[in-house]
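Taken in order, these protein sequences are the chains called A and B.
Using my numbering, read the first sequence as starting at 713 and increasing by one per residue.
Using my numbering, read the second sequence as starting at 405 and increasing by one per residue.
Take these hints with a grain of salt, some might be off.
[Claimed, not checked] Cross-link-like lysine-lysine pairs, in silico, DSS-like; alpha carbons within 30 Å at most: (1) A/K714 to B/K648; (2) A/K1003 to B/K660; (3) A/K960 to B/K660; (4) A/K1016 to B/K606.
[Unchecked claim] The calculated label-pair distances, taken between Cβ atoms and stated as ranges, are: (5) B/N520 to A/H860: 24 to 30 Å; (6) B/T460 to A/N912: 27 to 33 Å; (7) B/K449 to A/E1002: 33 to 39 Å; (8) B/E463 to A/L761: 46 to 52 Å; (9) A/G1077 to B/Q601: 33 to 39 Å; (10) B/P632 to A/K876: 53 to 59 Å; (11) B/P478 to A/S879: 40 to 46 Å; (12) B/T450 to A/G764: 54 to 60 Å; (13) A/H860 to B/T460: 33 to 39 Å; (14) B/F427 to A/P946: 30 to 36 Å; (15) B/Q601 to A/Y985: 48 to 54 Å; (16) B/N520 to A/S1013: 50 to 56 Å.
[Unchecked claim] Residues on chain A that point at chain B, a partial pick, calculated with CB under 10 Å: (17) P732; (18) L736; (19) S824; (20) N854; (21) D896; (22) R929; (23) D994; (24) H1073; (25) G1077.
Quick caveat, the hints were computed from the structure, so don't treat them as lab data.
Beta carbons are placed, not taken as given, at the ideal position from N, Cα and C, and that holds for glycine.
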Amino acid sequence: MKLFEYEAKNILANYGIPTPRGGLATNPSQAKEVTSKLKPPLAVKAQVLVAGRGKAGGILFANSIEEAEKAAEKLLTMQIKGIPVKSVWVEEKIQIKNELYFGITTNRFNQSYVAIASAVGGMEIEKIATKAPEKIIQFSINPQHGFHSFHAHQMVRKMGYAGKQLSELGRIFERLYCVGMDCDAELIEMNPLAETADGNFVAADARIILDDSALFRHQEYKKRLLEGESELTPQEAEATKNELAYVKLDGDIGVIGNGAGLVMATLDTIQYYGGKPANFLDVGGGAPAEKIATALKIVFSDPKVKALFINILGGITRCDEVARGILEAKAKIGATKPMVIRLVGTNEDEGKRILTEAGVHVLEGMEEAAQRVIEISKHGGK
Amino acid sequence: MGIIIDKNTRAIVQGITGAQGSFHTKLMLEYGTKIVAGVTPGKGKTQIHGVSVYDTVEEAQEKHSANASIIFVPAPFAADATLEALENGIRTIVIITEHIPIKDAINVMARAKQVNATIIGPNTPGIITPEASKLGIMPAHIFKLGSIGMVSRSGTLTYEIAAGLTRKNLGQSTCLGLGGDPITGLNFIDSLKMFEQDPQTKAIVLIGEIGGNLEELAAEYITSDRYPKPVVAFIAGRSAPPGKRMGHAGAIVMGKTGTAESKIEKFKSAGVKVAEKPNDVPELLAKLVSN
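Isolated chain A, as found in the complex:
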């Protein structure tokens, strides 16, 4: 789960990491109040969870309180990449001398967290890695020892800092590690971490992605995610509530299957034969009929979907349950769009019987079914 910039900055500030002075506003009068406490020049930033916010016009600058108010008003009526701006963060602009990078993420191979620092920042870490690989300093954190000030000092020294600056940067790095651990971040970064003209350091931008699996320990964010204050599309939000894994894609063939790998392979197969999947939807293992019905409803609620491909390989999932779910959904919402169903595995015969008796055709091969659904999406089904 991605946190908003203002959430990330507030958390960092609470841990004693310097951040720009600022405040949040959800309407123009609030913006006026926030702005009046700040010293121009100011940056006014739309709080949306989409990449490329700056390029899409979501960050405006202002040299006076009045300009900042106008900027806030403008942003609050804007949509960025289709997402309405519900709040803006107004902050004092930092006089940046150098842009640095510091972040903590996971290393799958070492099965550990890894701290990454760079004396060059302000762009994506992947870009830094291509443009200035020699600047990147990595430290694999031993989970049984943690990340201490001295680890941070070792990294900072390699970045070329000494004296008071070494101590201060070390302190900031160590604090960020504590934030990351306390809030179960799978990624936490300050980018840029700004070195100001007077030699101080400020987290000019901060990004935190929480580990979704750890949200049970962070109820306040879980609540926000479910209440729709997030980057999720309506279908994605509905799926999250029902514990279904759904991802919206660009095409017109809806896909439902069981198991992440199988569903991904289904999308790939559709693409291989020249079709375009409209979504990824994994009902997971052992899905009962109601869950299948909910999945159908979610996929059919996407107006772009012309046909649906249901690909079930029953292991712990029972084909008869899937069949009942399909019929249940048909009865409730009236399946208006054509479906191609591939159903094999546990209780396959019973599942097929249920569907065939209801006049729904069932296929056995995944490739055959993929080609059939593409055909239907292009020319309409019978």
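Based on these hints, arrange chain B on the given structure of chain A.
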């Protein structure tokens, strides 16, 4: 033969009294797996499918001295259960549970490394050595004893491909799921090394997916080790957009890391045959094995 588990594996089931734990204990027993005890705190002195249930792994070990455990404990408590198994001398652990926090998984793996334990998962369908033992939730009837080793990050996709192999009379030595989470115990390289040592395994099917770079590292290992057995790979997620989690917590392309293209390219340059579709795996393998 096969790897990690065999006829002599004596396993306990942690979380045996839950719906999944109980259901799969029955299926594992039916397959012939030696399930010697179950553990659920607070449910001691009961029985499930004839298996004695204990409150702690310590007590189960005193009475049954198992050498493996399969864990069905809910995510918030799964790390605790794994540490308990490690603490009580169990060195082969299969974690079926999905959605274990990354921080917990990292702690568990660090402890496992220290004591040289083998962890499979989390978020795995488990491991099966056909006709010998099954520690997992996979439908047993699609597997058949033979000489193909399978290692995968996915569940149902593994079943899809295993069923295809079995239809072509290409039986398996051992099939194991590494798990769909970002942090897992065994990785592809560990599995390749084990299959290399196993005389029964003649060829390997490797099923990867987007996210991370463990496939790329496996490809590098195959090249540098001059891996002596043929490998066929399939990578799921060619059509996945960047930044989106495709069902598995670990299946996500971040920036340029973790794309299907990168993995496929690396495997091809390591001389590994890469299947375009799941159904192509048996064909490719049949050619390699007959040569």
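Structure-based check of all given hints:
1. Restraint check: the Cα-Cα separation between A/K714 and B/K648 comes to about 12 Å, which is no more than 30 Å; the hinted pair holds.
2. For the hint pairing A/K1003 with B/K660, the CA-to-CA distance comes to about 34 Å; that exceeds 30 Å, so the pair is violated.
3. With a CA separation close to 20 Å, the supplied pair A/K960 and B/K660 stays within the 30 Å bound.
4. Between the alpha carbons of A/K1016 and B/K606 the distance comes to roughly 47 Å, so the proposed pair goes past 30 Å and is violated.
5. Between B/N520 and A/H860 the Cβ separation comes to about 27 Å, which falls inside the hinted range of 24 to 30 Å.
6. Distance hint check: the CB atoms of B/T460 and A/N912 are about 54 Å apart, inconsistent with the given range 27 to 33 Å.
7. Separation of B/K449 from A/E1002 is about 36 Å and conforms to the stated range, judged on CB atoms against 33 to 39 Å.
8. Taking 46 to 52 Å as the suggested C-beta distance range, the pair B/E463 and A/L761 conforms, at roughly 49 Å.
9. For the pair A/G1077 and B/Q601, the supplied restraint of 33 to 39 Å holds, since their beta-carbon distance comes to about 37 Å.
10. In this structure the supplied range 53 to 59 Å holds for B/P632 paired with A/K876, their Cβ-Cβ distance being about 58 Å.
11. Distance hint check for B/P478 and A/S879: the Cβ-Cβ separation is about 44 Å, which falls inside the suggested range of 40 to 46 Å.
12. Checked against the hint of 54 to 60 Å, the C-beta distance between B/T450 and A/G764 comes to roughly 57 Å, which is consistent with it.
13. Distance hint for A/H860 and B/T460: a CB-CB separation of about 34 Å, consistent with the stated range 33 to 39 Å.
14. Hint check: B/F427 to A/P946, Cβ distance near 35 Å, so the stated range 30 to 36 Å holds.
15. Here the CB-CB span from B/Q601 to A/Y985 is close to 40 Å, at odds with the stated 48 to 54 Å.
16. Range check, B/N520 to A/S1013: Cβ separation about 51 Å, and the 50 to 56 Å hint holds.
17. At about 26 Å, the closest approach between the beta carbon of A/P732 and any beta carbon in chain B exceeds 10 Å, and the interface hint on this residue is violated.
18. Taking 10 Å as the C-beta cut-off, the interface hint given for A/L736 is violated, the closest approach to chain B being about 25 Å.
19. The beta carbon of A/S824 is positioned within 10 Å of a beta carbon in chain B (closest approach about 6 Å), and the interface hint is therefore held.
20. Among the interface hints, the one on A/N854 holds; its C-beta lies about 7 Å from the nearest C-beta in chain B, closer than the 10 Å criterion.
21. Satisfaction of the interface hint for A/D896 is found here, the shortest Cβ-Cβ separation to chain B being roughly 6 Å, below the 10 Å cut-off.
22. Against a cut-off of 10 Å between C-beta atoms, the interface hint on A/R929 holds, since the closest Cβ of chain B lies about 7 Å away.
23. This hint holds: A/D994 has a C-beta 4 Å from the nearest C-beta of chain B, less than the 10 Å allowed.
24. Residue-level restraint check for A/H1073 is violated (minimum Cβ-Cβ distance to chain B is 21 Å; threshold 10 Å).
25. Annotation: interface hint on A/G1077 holds; nearest CB of chain B at approximately 8 Å, less than 10 Å.
The structure is inconsistent with the numbered hints 2, 4, 6, 15, 17, 18 and 24, although it conforms to all the rest.
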